[in-house]
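> If you follow the hints, you should be able to join the two separate chains into one complex; please do so.
As given, the protein sequences belong to chains A and B, one line each in that order. Position one of the first sequence corresponds to residue 1 (this note's numbering), numbered consecutively onward. Position one of the second sequence corresponds to residue 1001 (this note's numbering), numbered consecutively onward.
Heads up, a few of these hints could be off.
To be verified - Far from chain B, by Cβ distances over 12 Å, these chain A residues were calculated:
id : residue
1  : S14
2  : R16
3  : A35
4  : D133
5  : P200
As the list claims (entries may be wrong) - Simulated pairs of lysine to aspartate or glutamate, EDC-like, Cα-Cα distance not exceeding 20 Å:
id : chain 1 : residue 1 : chain 2 : residue 2
6  : B       : K1257     : A       : E120
7  : B       : K1054     : A       : E213
8  : B       : K1054     : A       : D187
9  : B       : K1257     : A       : E29
10 : B       : K1337     : A       : E72
11 : B       : K1304     : B       : E1265
12 : B       : K1054     : A       : E72
13 : B       : K1256     : A       : E120
14 : B       : K1256     : A       : E29
If you're looking for bench data, these hints aren't it; they were derived computationally from the structure. Values in this document were obtained by computation on a predicted structure and should not be read as measured data. Note that beta-carbon positions come from the ideal geometry of N, C-alpha and C, so glycine has one too.
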Amino acid sequence: MTDTPTNSLAERLSARFGDTLKISVVRREVTAEVAADDLLAVATALRDEAPFRFGVPIDVCGIDYLGYGQTEWDTETVSGTGFSRGVEGEAVGRFTWADRPRPEGQKRRFASVVHLLSLENNQRLRLHVFCEDDTLPMVPSLTGIWPGVNWFERESFDLFGIVYAGHPDLRRILTDYGFVGHPFRKDFPLIGNVEVRYDPEQKRVVYEPVSIEPRVLVPRVIRDDADLLQAKAEAADNWRNN
Amino acid sequence: MQEIRNYTMNFGPQHPAAHGVLRLVLEMDGETVVRADPHVGLLHRGTEKLAESKPFNQSIGYMDRLDYVSMMCNEHAYVRAIETLLGIEAPERAQYIRTMFDEITRILNHLMWIGSNALDLGAMAVFLYAFREREELMDVYEAVSGARMHATYYRPGGVYRDLPERMSQYRESPWHKGKDLKRLNSWREGSMLDFIEAFANDFPSKVDEYEELLTNNRIWKQRTVGIGVISPEMAQAWGLTGVMLRGSGIEWDLRKKQPYAKYAEMDFDIPVASGGDCYDRYLVRVEEMRQSNRIIQQCVKWLKANPGPVMVQNFKVAPPKREEMKEDMEALIHHFKLFTEGYGVPAGETYAAVEAPKGEFGCYLVSDGANKPFRVHLRAPGFAHLSSMDAFVRGHMLADVVAMIGTYDLVFGEVDR
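Chain B extracted, bound-state conformation (with noise of 0.2 Å):
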């Protein structure tokens, strides 16, 4: 008779499931994982010191790269922390921005979501449909900062400027041109603003086109319903949060519970499941791309109608116009010792947290009145989730632990920090 123990096996760091770069120890009785145990920190940048070294505005670009697929809504959380210590509000009409950036953030994150989950699982096809609306979505974000990715646009105070008059459009090459390239420009005539509405009057139908390709999908459904199986009281003690507590059933959204921004202003539902298993994270994601879409459309309604400044008028914290500073002395100083010095923050400490797509992405700032900041923490949703790995898939077959990675929705940016 055979002998049989377990092995170890590992999984990663160079492996396409792997979501970057995560190495995986796998303890295994045959093809059912007995023990778990990630190994994270091959991405481990140190954020948090390196932010220690600079004035408090240029690290808000190191935000960007610690998850790296919802970028604005982790300025957010760290821009937010500033202005608690500072005192200071932006105008109403950067809430608004803030807002739809942030709903357009969680649209382009669960995109890359469904695509990279869909393709993790063996479905081709959603990867390619789902980053078309993503190229889209890149536009605007390049429209509005200059940077496809990587934007840098939130500032303490407001944001870096005002929506742009024109969008930008295809011009003619050899790929596009005759009917194909009217087609492509035919949203982006006119502003920023027509070519979001314009996307987002369109966006459910193609909703449905990601749904009609998985929900019903037998083999998708094979792959998720009853597999990593998480109870609500189990999801609490492990910190999980965003999709991954409302998976399981806790109606909890900081956007309702705790809203910042505008987003007491705004009529959105928050979709709730109750199995907690991946199928039903999997509708929640997909619902909550039409709830953006919604928000979406009541900001860019919103923003129409309201021009206004989009920063505080507080020369300490923000720069002067450009102009100015040719003519007036005062804006020159301001100018120099804001890009020379930065501003310092009053002494204290504060948590700001957002709703980012993946869960709760929260800044721990601790100030002690100096121009860069004492100690920044940031607090990683998917560091909490990917710490539970190890609960949550022993039992389960060594396939079914790629179906979990996925459905964590890990970034390793923002894991390793």
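Next up, chain A with everything else stripped away, as it sits in the complex (with noise of 0.2 Å):
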């Protein structure tokens, strides 16, 4: 598949970066996170250095990490009640605008994450850049280095609302003109907040706040592992043979 083996990447990136870069490796793919100062530096030499040739930029995507690792349903244990109705919690779809999940204490909400891809070596690499602060989620812009993740950019700003410093043209891509806020932050309602409808007596279109409750079908449950390895072991033994 790959002239060169994908854990050699993750050698050439330690050898010429050094700490400059956190690397693993997981099923192949090579993560790499470097610090926002860092970017435009390491991203410059990735794309010109020999070893590693990221000619193209495949993806630039922001990441909000509020809330990772939330469940909304105990099964640890069953208590005197029987176990909870999985209806609580503050994952994506349950609040709206007014009750929506206020962040404390959880740092590095924000990062934004860049996917590359080398032609001539075959390889790709995917960086984590976290934004340091919080309220005002700030990474540098790559679009001196590949025109291509300029779109990308305005999606992540739109979305996430993080900024590109040195974007030359960071607009809204995908949202209305005019809307406020940015969806795909945790902390945004699945609902929306506002709804569009014609008026027919003003003769034009009008936003009124939402009308439709929140709502989830499917609570966010975390399971032990071990649940999966039994069914593969299962799989395994063919104890059903069909």
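Structure follows, in structure tokens:
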């Protein structure tokens, strides 16, 4: 598949960048965490230097780690009253803007994730850039290195409110003209804040507060990996011969 | 003397050549484009956010609705990402079925493209020819999944069900009768694989027909040769993939370079053109249809010879058989858990990409161990392609913008997500 094995990419990265990158290799996918301050220098080297040559910016996207690992249904213990109903919690879809979760204590909510592809070496790399400040998440823009990230950064700004410093044209892209808020943040309600309809009396489209209720049919549950491991063992045993 | 100045013009969002809902704000100097500013998002549905609120399997249907002319390829990227995190692999037969349907999808997509692009540039007939074959392939989609377009056929761990033994036939009606009916049903006597085989044997002659209409057509060449020339360096820097890259002379195809499903076993070629203009990309796409046809033929041959399971036998991920549920307590519990709660996916992140007809369609999936994804990001090829629009149409005439939109092969379901 690849001429050069993936773990050697990790080795080459750590040889070249040392402590600047925090490298991990999982399932042959190389991920490197880089500080926002080092990003531009690292990215330029990744594009230009022979062992890397990441010429194609595949993707840039934002991610909001608020509520990572939170579950709505306690299945660890059975209380005297039985299991909880799994209808409480602050996961996506549960709340309106008024009851949105107020993040406290969680540091480094936002990250910008960059996927790069090298056609010459046939290898991929993922960069994680965490934003230090949660109230004004900011990372440097890569538009000067790969023009193709322009819209991806605009999208991430639009949906997550991550500011890409140095971007030439940081406008909203996917949401409506005049939209307020950053809809993909975990504290933005799934139902949104406004709804739109045509008002025949005023003869124009009007915006009104949403009339629908937030509703989730399936609670968010995190179970032990043991479940899956057992299933795998069962499948391997072929205990049901069909 | 008259004063001449630039003016801005709105192209779309309701324009037949805008392929959906593209609003293009063009700054014009006479009939020459000085700057193009595409406004997208009119079809934004927040698919990625919706997926976060649902168990994994319930979002497969959303993937069909992204690039709604290459449905199963989108599903493929999504289920591959889930499979990677789960650490499961679909049975061999399912992999062949996926390979075959990816290629059927590619032909479907390119037929749509060749028809609509030719229509945009003033050739009406190609559309009618292309839709004749599209209809046959839509019937294949319907036979296997029950839906002509939004199939929801792939599942993590395989495909929903095995290929049907019978192919649906036309019934007699005032429009289909007598000799006509017999001809329409002549391929449909046997199984679905027989039908696909008959189709694949016939399809190259159909591609010849499209080429007859366009390849040496003087007007077609005047509209496409030398229009929208993209150099290999620019193609890379702008993140272009798929035909946009191969049309510029870079031999890059994920099916060859990073094979998934059963592409490593397939014998096919990657068509590459060197000019990087709209005409070259047309030639590449036409040749891709022929190559896809070759892959389909190989898959049909294998699938006919090798029956077997099409879904993993892991009841934490795949539902048990309906009959089993009636008698077996265990199966009933598995079924209940699977459809009320879904399955948990081990914490981690992955990026799975497929060579969709339009380019690299990728799915970046982050899971925190729950039964719903923590974050899904879909890397749509059309989004990257359209972002380069401004760079490549500057200096072209207004009519060439239409040729350029056509050659990007845009579908707004995936651009806006």
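> Hints first: check each against the structure and report whether it holds.
Checked hints:
| no. | hint | in the structure |
| --- | --- | --- |
| 1 | S14 | 20 Å, holds |
| 2 | R16 | 21 Å, holds |
| 3 | A35 | 19 Å, holds |
| 4 | D133 | 21 Å, holds |
| 5 | P200 | 21 Å, holds |
| 6 | B:K1257 - A:E120 | 11 Å, holds |
| 7 | B:K1054 - A:E213 | 17 Å, holds |
| 8 | B:K1054 - A:D187 | 17 Å, holds |
| 9 | B:K1257 - A:E29 | 16 Å, holds |
| 10 | B:K1337 - A:E72 | 16 Å, holds |
| 11 | B:K1304 - B:E1265 | 16 Å, holds |
| 12 | B:K1054 - A:E72 | 13 Å, holds |
| 13 | B:K1256 - A:E120 | 14 Å, holds |
| 14 | B:K1256 - A:E29 | 19 Å, holds |
No hint from the list above goes unmet by this structure.
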